[in-house]
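Engineer: The chain contents come next:
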Amino acid sequence: MAEKWNYTQRQELVNLSGEPPTSLGSALLVLGCPQVPVQTSIALYLINRLKKSGFVPVVAGNKAANTLLVIADPDRHYLGEVMDLDRAVAMITEKKRDFDRCFVFIHNDAGISYAATMGAISRAKVFTLVYGEHYDELVKQIDFPCTIIAAKAVHNPLPLKKALDEVTPWAA
Amino acid sequence: MGCVESMNYEILLRDQSFKECREYVRQHFKEYIDVQPGFKVFDIHLIGIPPIAIGLENDFIIFPYTKPCHGTFLLRMEDTAEAARLRTFKK
Chain E
1118 MAEKWNYTQR QELVNLSGEP PTSLGSALLV LGCPQVPVQT SIALYLINRL KKSGFVPVVA
1178 GNKAANTLLV IADPDRHYLG EVMDLDRAVA MITEKKRDFD RCFVFIHNDA GISYAATMGA
1238 ISRAKVFTLV YGEHYDELVK QIDFPCTIIA AKAVHNPLPL KKALDEVTPW AA
Chain Z
1231 MGCVESMNYE ILLRDQSFKE CREYVRQHFK EYIDVQPGFK VFDIHLIGIP PIAIGLENDF
1291 IIFPYTKPCH GTFLLRMEDT AEAARLRTFK K
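Heads up: the protein sequence lines correspond to chains E and Z, in order. Using the numbering used here, the first residue of the first sequence is number 1118, and each one after it goes up by one. Using the numbering used here, the first residue of the second sequence is number 1231, and each one after it goes up by one.
Do not rely on the hints blindly, as some may be mistaken.
Quick look at which bits of chain Z chain E covers, simulated, 3 or more residues with Cβ under 8 Å [as the list claims (entries may be wrong)]:
id	segment
1	1259-1268
2	1277-1289
3	1299-1311
Honestly, the hints are just simulated from the structure, not real lab data. A virtual CB, placed ideally from N, CA and C, is assigned to each residue, including glycine.
So that you can see chain Z by itself, here it is in the shape it has in the complex (with noise of 0.2 Å):
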């Protein structure tokens, strides 16, 4: 998974479509941001069908991973920082 598997995360979701993995971020976390594609959570550009949904839950982000054998992994990742970061683009 790139730069992804030097970090540690955990998998929520495999072997769903990207719209599955959103529906469930949305269905399972009361705080959630939508982005656009292209947006950069760690360092990674979000691949996905806008809106793509991130879902925060304390210092945890819930976000998709996508690549093109495997498909879309949802992950859930903990970093205080990144998390208040994306606190600040809450509507």
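Okay, chain E solo, but in the shape it has when bound (with noise of 0.2 Å):
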């Protein structure tokens, strides 16, 4: 009988042998306009905390978002799946697929939009990456369930950097 890990137990592991022992579920990273800088750097850094808590992340996005990722990580150590937003959007609505926990990066309308359907359509828990120079404005606009971690940070990521990691939305 496979013995339940809690997270402390989990982490040992993985330092230990450099990998988690078992996947805790699958992660998606909702991308928006990468006009924001902040973008590429913060997916890149909770990609690879979720790798290292043992979620598998997916990330969608448009061309452009999807791009600057793959380009900045050609040998893949962080990225893995990626996908256009509009097939991704329509696998979960098809009930073709889904994921256990769903990231939607917001700095504008659109992102609001975005996180309000994926809460709709998928049973993962949604979090709210909010960003940029109105940050504030798109927080109050947030009235369905999610979990929001929210900063001012547009060329300085480490403002977003720190939301994250006091909420440690990649624990188990």
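Two chains, two separate frames, one set of hints: put the complex together.
Structural biologist: Shown next as structure tokens:
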């Protein structure tokens, strides 16, 4: 019978072997428009943390957002599967695929629409990463169930990284 | 705009929030249906904050179309068969 591991035990094994023992599940990163620079940096950071915790991260974005990540990680040290955002929405809606956690990057009104959509079509626990110059106004518009991770971050990713680290959404 | 680009559409609103587009549909079209995100119109899975309002005016369909970089457009398209199909969802 498989032993149920707690988070501390799993972290210890990660440190010993370099790989998590089992998958905790899948995580979808829904990218927004890449015009705000912190998105690509935080996406790679989040992917790394999720992988170390045993999640299988999948990225869904438009062509520009996906290409920024693929070019930044040519040997795929961090990136796993990358898919078109419209295709991801279609597959989840049609019940062909789903995820355990969903991280939606938001810096404009479209991002809120995508996050609300994910909350409605997916069984995943939704986390919203809200950033940009007017992040506080966007946070006020979020009236659906999700965990909000927000910071004023445009060029410097550290405020958003700090907010992420406080929530530890990669924890079991 | 993906497959929508190949279709004959009119843009009623642009540079508006999703909620403003929903209110516009409700205020300007007597006939509309509320649907959930992911609902398919033509070959498009709708993106938005539920409920999503789709307006109907004779053979015209008025619906929000959201893209990550461009926000939400309110589009108006003519299609007799699709308008008839959508009317079957009226309560």
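Engineer: Run every hint past the structure and note whether it holds.
Structural biologist: Do the hints match the structure? See the list:
Counting residues of the segment 1259-1268 of chain Z whose CB lies closer than 8 Å to any CB of chain E gives 3, which reaches the minimum of 3, so the coverage claim holds. By the rule of at least three residues with a Cβ nearer than 8 Å to a Cβ of chain E, the coverage given for the segment 1277-1289 of chain Z holds, with 4 such residues. Counting residues of the segment 1299-1311 of chain Z whose CB lies closer than 8 Å to any CB of chain E gives 4, which reaches the minimum of 3, so the coverage claim holds.
In the structure shown, no violation is registered for any of the earlier numbered hints.
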